[in-house]
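Colleague: So the chains spell out like this:
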Amino acid sequence: MGMTLTYAPADSGPGLSEAAEILSDLISHDEISAHSDGLDRPICDLSEVFHEASREDWDGYGAKAVSHSAYLDALAFLNTFPTPGQSPEPEISASPNGEILIEWSTGPRHVFTLAFGDAGEKYYAGLFGTNKTTGREDLLERIVAAAEEGLARLTSEA
Amino acid sequence: MSVLWQLLKRAWLALLLKPRLRTPAATQGPNLTDVDVLSRFLTSSGHFARGKKRVKGAAFLPAADKLTSTFHTTGLDAEAKWRLGDAHLAGRHFYGSGDVTVGDVRAVGLDVDPNYEPERHVGIWGWPNERQEQMSLAQQLAATATLSLRPQ
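Residue numbers (my numbering), protein chains in the order written: chain Z, 241 to 398; chain G, 6 to 157.
Looking at chain Z on its own, in the form it has when it is part of the complex:
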């Protein structure tokens, strides 16, 4: 049974960065529906998380709404990132600061997380046993490279 998700941004216009506007043009409603019908799980999850967290105080603790541009940046990442065969499936969530989080985990102390903020900023943090890594990147290709490295470390050290 195919699942159809609709693309319904919570806000539009003034909050959109130029990059997000371009992405918005490139990514049509039909493309997102096609992903959903094809059971591309992370993209379905991203749509659900955005739907849940695109309003203020979505968590009951005063969280900031996830912005349209954070959603589009995360979507662009998922469409770009070549998930290696052996790696766990990414899990999508939102942070109280209005970021979209993409996380891979092979155990409680083996976690790698990306965060996509509303101004194009992208962060990552990894926990590999007792070792840690963190960083910030603004370019998509750089965050893809950081994710590839983090995921390789996650699967090799698990």
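Some hints here could point you the wrong way.
[Unchecked claim] One side of the interface only, derived from the structure: several residues of chain G facing chain Z at Cβ under 8 Å:
id: 1; residue: Lys57
id: 2; residue: Arg59
id: 3; residue: Asp82
id: 4; residue: Pro133
id: 5; residue: Asn134
id: 6; residue: Ser141
id: 7; residue: Gln144
id: 8; residue: Gln145
[Claimed, not checked] Covered by chain G, per the in silico footprint, the following chain Z stretches (three or more residues, Cβ under 8 Å):
id: 9; segment: 292-299
id: 10; segment: 306-313
id: 11; segment: 316-323
id: 12; segment: 377-389
Don't read these hints as lab results, they were simulated from the structure.
Even glycine gets a Cβ: it sits at the ideal position worked out from N, Cα and C.
Since chain Z is already given, all that's left is putting chain G on it; use the hints.
Modeller: What follows is chain G alone, placed relative to chain Z:
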């Protein structure tokens, strides 16, 4: 002369305000020890992995005020804990809690403010400014957390 006076005034104001910005309001609740339990009520299904029985770092990330709200639940049975969540989340649905000890919080370099405003409320504070460092501490804290799911 007036420029020098302005600089001195600015430095004095910065010194005066700095501690207020870095530390929470005065504590009203009891002193907590390292074995006391703090529960973060989970209002988002994305903040835990049911299959892996894992609480995610996202559950502990602070909001813009750099405080993570938790509740002191030492000695409460499950029913009392869920009632506490119902009372403070104003009827909002929650799935369960991520439970950590005060010792877990301190071990990652954060601290607790048992302000008890509202009842049993404890803020986790001391988060760094850099978002990626906050994420790292939240991952470490989540790694020590116990997932406790509420019967639905």
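Colleague: Work down the list of hints and note, for each, if the structure agrees.
Modeller: Each hint, compared with the structure:
1. Lys57: Where the cut-off is 8 Å and the nearest Cβ of chain Z is about 7 Å from Lys57(G), the hint holds.
2. Arg59: 6 Å, holds
3. Asp82: 23 Å, violated
4. Pro133: Hint violated; Pro133(G) Cβ to chain Z Cβ min 10 Å, cut 8 Å.
5. Asn134: This interface hint is violated because 12 Å lies over the 8 Å limit.
6. Ser141: This hint holds: Ser141(G) lies near chain Z, its Cβ roughly 4 Å from the closest one there, short of 8 Å.
7. Gln144: Hint on Gln144(G): holds, closest Cβ of chain Z at ~4 Å, below 8 Å.
8. Gln145: Holds - the Cβ of Gln145(G) comes within 8 Å of chain Z, reaching about 6 Å at its closest.
9. 292-299: holds (count 4)
10. 306-313: Since 0 is below three, the answer is violated.
11. 316-323: violated (count 0)
12. 377-389: Since 0 is below three, the answer is violated.
Violation of the numbered hints given earlier is confined to hints 3, 4, 5, 10, 11 and 12; the remaining hints are satisfied by the structure.
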